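Enquirer: As a plain string of letters, each chain reads:
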Amino acid sequence: MQFVVPAGTGGGADQMARVIQGIVSKHALMRQPMVVVNKAGGAGAEGFLEAKGARGNPHMLVITLSNLFTTPLATGVPFSWKDLTPVTMMALDEFVFWVNANSSWRSVQDLIAAAKQQRLKIGGTGSKQEDQIIAAAITKASGAQFTYVPFRGGGEVAVQLVGGHIDATVNNPIEAVTHWRSGALRPLCVFDTKRLADTGKMTETQAWSDIPTCREQGLDVDYLMLRGIFMPAGVKPEQVAFYEGLMAKVRETPEWKDLMQQGAFNTTSLTGEAFGAWLAREDERHRSLMQDAGFLANPA
Amino acid sequence: MEEIGLLMQGFAVALQPGNMLLMLVGVVLGVLIGVLPGLGGANGIAILLPLTFAMPPVSAVIMLSCIYWGALFGGAITSILFNIPGEPWSVATTFDGYPMAQQGRAGEALTAAFTSSFFGAFVAVVMITFVAPIIAGFALRFGPPEFFAVMFLSFACFVGMAKGSPLKTLAAMMLGFLLAAVGMDTVTGQLRMTFGSEEMIRGFDFLVAVIGLFGISEILCSIEEGLHFRGQKAKIDLKVVLRTWAELPRHWFLAIRSALIGCWMGITPAGATPASFMSYGVARRMSKDPAGFGQGRIEGVVAPETAAHAAGTSALLPMLTLGVPGSPTAAVLLGGLIMWGLQPGPMLFVEQKEFVWGLVASMYLGNVAGLLVVLVAVPWFAAILRVPFPIIAALILTVCAIGAYTVSNAEFDIVLMLIFGIVGYVMKKLDYPLAPLVLALVLGDRTEEAFRQSLLVSNGDLGIFFHNWLSGGIMAAGIALLLWPALAWARAALASGLGRARAA
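Those protein sequences? They're chains A and B, same order as listed. Using our numbering, you'd call the opening residue of the first sequence number 2 and step up by one each time. Using our numbering, you'd call the opening residue of the second sequence number 1409 and step up by one each time.
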């Protein structure tokens, strides 16, 4: 059984795939061995095209991130999520607006006001992917212009912010949590419609749940990143049902729950038609966000 | 000294019999992984990672980091014996290591490579033990302009390293940059020069190119020269290790300088590959006999190997303290840490003392274990050269093909490898140097990225590269190195002019 990761080793999707692989083998949830394969070329296009070409193959799973929508839109690679069979949504990854703890910005308003005085720099992972889309959405909602500086990975972005080379980031919780706890970074708001669930104290004074939503702070932007499992097109319904069941078992294990808590994930899970409807909605939303920002490879 | 006490506790953890066994298994696996080109440390660790979930985190990371040491050691073996770098950071080792093997000094070259690797790693571990927090803070100063400055310095150290026509060197380097630009462009998120081909989306992986340019083209050359390896008559026994050791202390200064370059490059974090190139370039510059480099000088093996290992080891420091991997292998280890419930970053040293110091202790012990394993095996490795060429050539071709495939599980890469083999052969015949091409291919991508990130930050102002003493200083050093040949020439001209004036 091949588990395709359309991203490089060490990133969020890769970690999740390898945790799933570890859980499946540790709890003996499946008889066949599961092999994780990274196909990172072209912002994941390589992995998606491989899955598209594997029509009817029941021995292949793909874990996706938002590049499921963004890569085809930004590069024009001939692929869409409709070329795959959706199996299940495992979780949604949150985004938090971070600034350096030494900065004078204590709220989103402070930052937006400063950004209107002087162009600030937002760092993020990759180009025309989720981080830059959020940055563009912030500009659209607030009117403040930012310079977006792309880096290779979330960990690198967080360190650039700690080092003061950029002014703000929209890192995932897991990418920046250690710097928050060490007192180097300050979270301003979370890009979700409701606050994070985890109430355990992460620093002396704050828990994840203490971070306000951006909407509360007057910045009307929300964005969640899909962590979903797909199969190639043309597979049988009972094959999809098998993997749905497998992943449901994975989500019940303590290892999985640990990962969800560490990364402060949104643990929403969808399958079947509800998942399909969610995908269609998100696809449309990405298209319009990217169209507004001028990121489309083939503007209609 | 709090560190010493903690380290001793760490040793107590690492020296448990179970952990010692894991260490040995790790080193042996690592050497095998390092020997197979393509199946690098990153892939090897990624494959074995799930096996470690059942272990306690300390044992797991001890085994995985020993695989890492083993791979670092193993990469040198094929570079020296067959001119095929098993790992990207062993490319610079081929420049002098392979000529040494051809002269029948394979045992000597291997011993020098392993010993200097050990020395480099040792220096880096000592540094990690005592100055980790200070150094970690230093890494934070590196933004895009500083990163570009370091890359610029690497290129500057290396320019003029190839003998022969400077124009040919430049041409080879430009070809390297061109190849590095193919595929996804991180800054704009666009595909470049893929010409609509799905296979080109990946770009040209450095390892595939190197396996072809060095390995396959070498086999083509050997076939042309009559189907035999030179240097197979060498007498090989364990005494060669002792003989080489007697000679090595003479190069102490070189070794220390290379180790420092390596530590610096590992922390910044530029990584082991540029470190090895930079160290080789500097060694050649500073040598009294630069022309002898590339002909089989032992310094040409000591310099890159020491630096590569110092860098490979110190690359673990930014990973542990900042959560930023200094190398692809460190990136996979990082994923592992998170899975064992450890959050890499500044809090790790505070909250997970037992884990951190167990790991540091295993670095000491793993290195010693690695050195012993590979040194004992030197005669066996060197004896491979006695196998008749037709048999070994077929084996090498097979291993190369497997390696090229493994890099990203793509059949097309095997075709690419063969094409690069022919390109390499033609370039050798026409006297185009391969090293600048390889350097540009491996560093071109990151260099370009850092350059453009810097300009984004500064709104297109080139002054950003001199905006503080750090990047300005590194840039100035790079420019000075670039101008060195011109300066040396001017001084010589001036001296001879004065001489003539005095004579007249």
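Calculated from the structure, these hints are not laboratory results. Everything numeric in this text was worked out from a predicted model, so none of it was measured. Wrong hints could be hidden among the right ones.
Said to hold, decoys possible - With a cut-off of at most 30 Å between alpha-carbon atoms, the simulated DSBU-like pairs for lysine-lysine come out as follows:
| hint | chain 1 | residue 1 | chain 2 | residue 2 |
| --- | --- | --- | --- | --- |
| 1 | B | Lys1837 | A | Lys258 |
| 2 | B | Lys1696 | B | Lys1837 |
| 3 | B | Lys1836 | A | Lys27 |
Unchecked claim - Some chain A residues near chain B, calculated using beta-carbon distances under 8 Å:
| hint | residue |
| --- | --- |
| 4 | Arg19 |
| 5 | Thr76 |
| 6 | Lys122 |
| 7 | Gln130 |
| 8 | Glu157 |
| 9 | Val163 |
| 10 | Arg182 |
| 11 | Ala249 |
| 12 | Glu253 |
| 13 | Pro255 |
No residue lacks a Cβ here, since even glycine has one placed at the ideal position from N, Cα and C.
Enquirer: Look at each hint and say if it fits the structure.
Expert: Going down the list of hints, with the structure as the test:
1. B/Lys1837 / A/Lys258: 60 Å, violated
2. B/Lys1696 / B/Lys1837: Distance ~29 Å between B/Lys1696 and B/Lys1837 Cα, so the pair holds.
3. B/Lys1836 / A/Lys27: 51 Å, violated
4. Arg19: 6 Å, holds
5. Thr76: Check passed: Cβ of A/Thr76 comes within 5 Å of chain B, closer than 8 Å.
6. Lys122: Interface hint status for A/Lys122: holds (6 Å vs cutoff 8 Å).
7. Gln130: 7 Å, holds
8. Glu157: 5 Å, holds
9. Val163: 6 Å, holds
10. Arg182: Hint holds; A/Arg182 Cβ to chain B Cβ min 5 Å, cut 8 Å.
11. Ala249: Hint on A/Ala249: violated, closest Cβ of chain B at ~20 Å, above 8 Å.
12. Glu253: 17 Å, violated
13. Pro255: A/Pro255 check fails; min Cβ-Cβ to chain B is 11 Å, beyond 8 Å.
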